[in-house]
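Spelled out from the first residue to the last, the chains are:
There are 2 protein chains.
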Amino acid sequence: MSNLELPVLGQDDQVACCTPMVREPLGEDAAIDLAKMFKALSDPVRLRLLSLIASHEGGEACVCDLTGPFDVSQPTISHHLKVLREAGLVGSERRGTWVYYWVLPAALARLSSLLQAPAGAR
Amino acid sequence: MSNLELPVLGQDDQVACCTPMVREPLGEDAAIDLAKMFKALSDPVRLRLLSLIASHEGGEACVCDLTGPFDVSQPTISHHLKVLREAGLVGSERRGTWVYYWVLPAALARLSSLLQAPAGAR
Numbered sequence: 001m002s003n004l005e006l007p008v009l010g011q012d013d014q015v016a017c018c019t020p021m022v023r024e025p026l027g028e029d030a031a032i033d034l035a036k037m038f039k040a041l042s043d044p045v046r047l048r049l050l051s052l053i054a055s056h057e058g059g060e061a062c063v064c065d066l067t068g069p070f071d072v073s074q075p076t077i078s079h080h081l082k083v084l085r086e087a088g089l090v091g092s093e094r095r096g097t098w099v100y101y102w103v104l105p106a107a108l109a110r111l112s113s114l115l116q117a118p119a120g121a122r
Numbered sequence: 001m002s003n004l005e006l007p008v009l010g011q012d013d014q015v016a017c018c019t020p021m022v023r024e025p026l027g028e029d030a031a032i033d034l035a036k037m038f039k040a041l042s043d044p045v046r047l048r049l050l051s052l053i054a055s056h057e058g059g060e061a062c063v064c065d066l067t068g069p070f071d072v073s074q075p076t077i078s079h080h081l082k083v084l085r086e087a088g089l090v091g092s093e094r095r096g097t098w099v100y101y102w103v104l105p106a107a108l109a110r111l112s113s114l115l116q117a118p119a120g121a122r
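Chains as they are written, first to last, in UniProt numbering: chain P, 1 to 122; chain C, 1 to 122.
Hints are computed from structural coordinates only; laboratory data are not their basis. Quick caveat, the model's predicted, so the values are computed rather than measured. One thing to keep in mind: the hints can contain errors.
[Said to hold, decoys possible] DMTMM-like cross-link-like pairs, simulated, lysine to aspartate or glutamate; straight-line CA separation at most 20 Å:
no., chain 1, residue 1, chain 2, residue 2
1, C, K39, P, E86
2, C, K39, P, D43
3, P, K39, C, E28
4, C, K36, P, D43
5, P, K82, P, E93
6, C, K39, P, D29
7, C, K39, P, D33
8, P, K36, C, D29
9, P, K39, C, E93
10, P, K39, C, E57
11, P, K82, P, D43
12, C, K39, P, E93
13, P, K82, P, D71
14, P, K82, P, D29
15, P, K39, C, D43
16, P, K36, P, D71
17, C, K82, C, D71
18, P, K39, C, E86
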């Protein structure tokens, strides 16, 4: 992206990256790239972590907010957060004692647009 | 679903199943269910198969249309199609010699809505 402003989702400049798969078949490279992102979403704990981050007040969550709801250890949570970060779904930053996480909206929008369903199909 | 008509996507009766994760955190059961669908999407060949089916003329594709573009064997394609079907992403029907596949739009819409990005987040 050439400027620091984030795109308004659904605008024309996003179309090239987010063509719904009902409109045209995916190329090999795009499929490899997207499959990695879907793999990061293929674990229930990671999905819940992502949704906790995404829905957290202010759009970001401290790692200290993310361990309570789960029956898994802190290192396991950290591992899942790393997978989400490496898949390009969340960003993170250390501030003092804690690491903060936020979702990367362009990544979510890319997947969401890809999966847009056909209105008239059965 | 109580009738044979498919829902028009984006209508109110779909909202309960498709709340964006930026709006509220996912529950455990929903996360387990959705993770299975994302797992089906976590393979590049399956993603390309799904997109070939989804974008095929008439909204459905014969298995005979789906083997040509891939460097993998027919049994491998059949296995991937089975995974997509078991995840609830495609439907299928045998007609004469061939099996035909189509995407299930409500499933795609559910995932697409779940991943809708926050417009104002960073």
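If you test the structure against every hint from before, which numbers come out violated?
Checked against the structure, the hints that fail are numbers 8, 9, 10, 12, 14 and 16, while the rest are satisfied.
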